[in-house]
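Peer 1: Position one of the sequence shown corresponds to residue 30 (the numbering used here), numbered consecutively onward.
You may find that some hints are simply not true.
[Said to hold, decoys possible] Label pairs and their in silico Cβ distance ranges: (1) Glu62 to Arg108: 35 to 43 Å; (2) Ala107 to Arg55: 21 to 29 Å; (3) Glu104 to Asp61: 36 to 44 Å; (4) Asp61 to Pro118: 22 to 30 Å; (5) Asp61 to Asn125: 21 to 29 Å; (6) Asp115 to His72: 33 to 41 Å; (7) Thr34 to Glu62: 15 to 23 Å.
No lab work stands behind these hints, which were simulated from the structure alone. All of these numbers come straight from a predicted model, not from anything done at the bench. Glycine included, every Cβ here is placed at the ideal spot set by N, Cα and C.
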Amino acid sequence: MANSTEDSAAFSREGANWFWETVTLRDVPEGDEPFHQWVDGVHAELRPHVRDNCYVNLSTDNGPEWRRGVWGRPEKYARLERAKADWDPYNLLRFNKNIEPAKAR
30 MANSTEDSAA
40 FSREGANWFW
50 ETVTLRDVPE
60 GDEPFHQWVD
70 GVHAELRPHV
80 RDNCYVNLST
90 DNGPEWRRGV
100 WGRPEKYARL
110 ERAKADWDPY
120 NLLRFNKNIE
130 PAKAR
């Protein structure tokens, strides 16, 4: 049986006690490196204290393995794959942090 609290949203908040987001904004691209280093440093400092799951829309896509874990439990990801197969079997809506449609069995 599904855990109603964790399964009430596509994104995972299991085990989360807080939510954080780091944003930097600049008007010009020149001189960005110190700001990138600062953001990377913040992330490195917080990394030991954060979970692999997150609110997907406020994150950077870190590849297929990351995408499989970011939504939480493998069972939830499998349900999202099945939903994608039902609603978007041709994967037309793929220009995001994409979930591939489940393969027909």
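Peer 1: Could you run down the list of hints and mark each one as holding or not?
Peer 2: These are the hints, each one checked on the structure:
{"no.": "1", "hint": "Glu62 to Arg108: 35 to 43 Å", "verdict": "holds (41 Å)"}
{"no.": "2", "hint": "Ala107 to Arg55: 21 to 29 Å", "verdict": "violated (40 Å)"}
{"no.": "3", "hint": "Glu104 to Asp61: 36 to 44 Å", "verdict": "holds (40 Å)"}
{"no.": "4", "hint": "Asp61 to Pro118: 22 to 30 Å", "verdict": "violated (40 Å)"}
{"no.": "5", "hint": "Asp61 to Asn125: 21 to 29 Å", "verdict": "holds (25 Å)"}
{"no.": "6", "hint": "Asp115 to His72: 33 to 41 Å", "verdict": "holds (36 Å)"}
{"no.": "7", "hint": "Thr34 to Glu62: 15 to 23 Å", "verdict": "violated (42 Å)"}
Comparing the model with each earlier hint shows violations of hints 2, 4 and 7; every other hint is respected.
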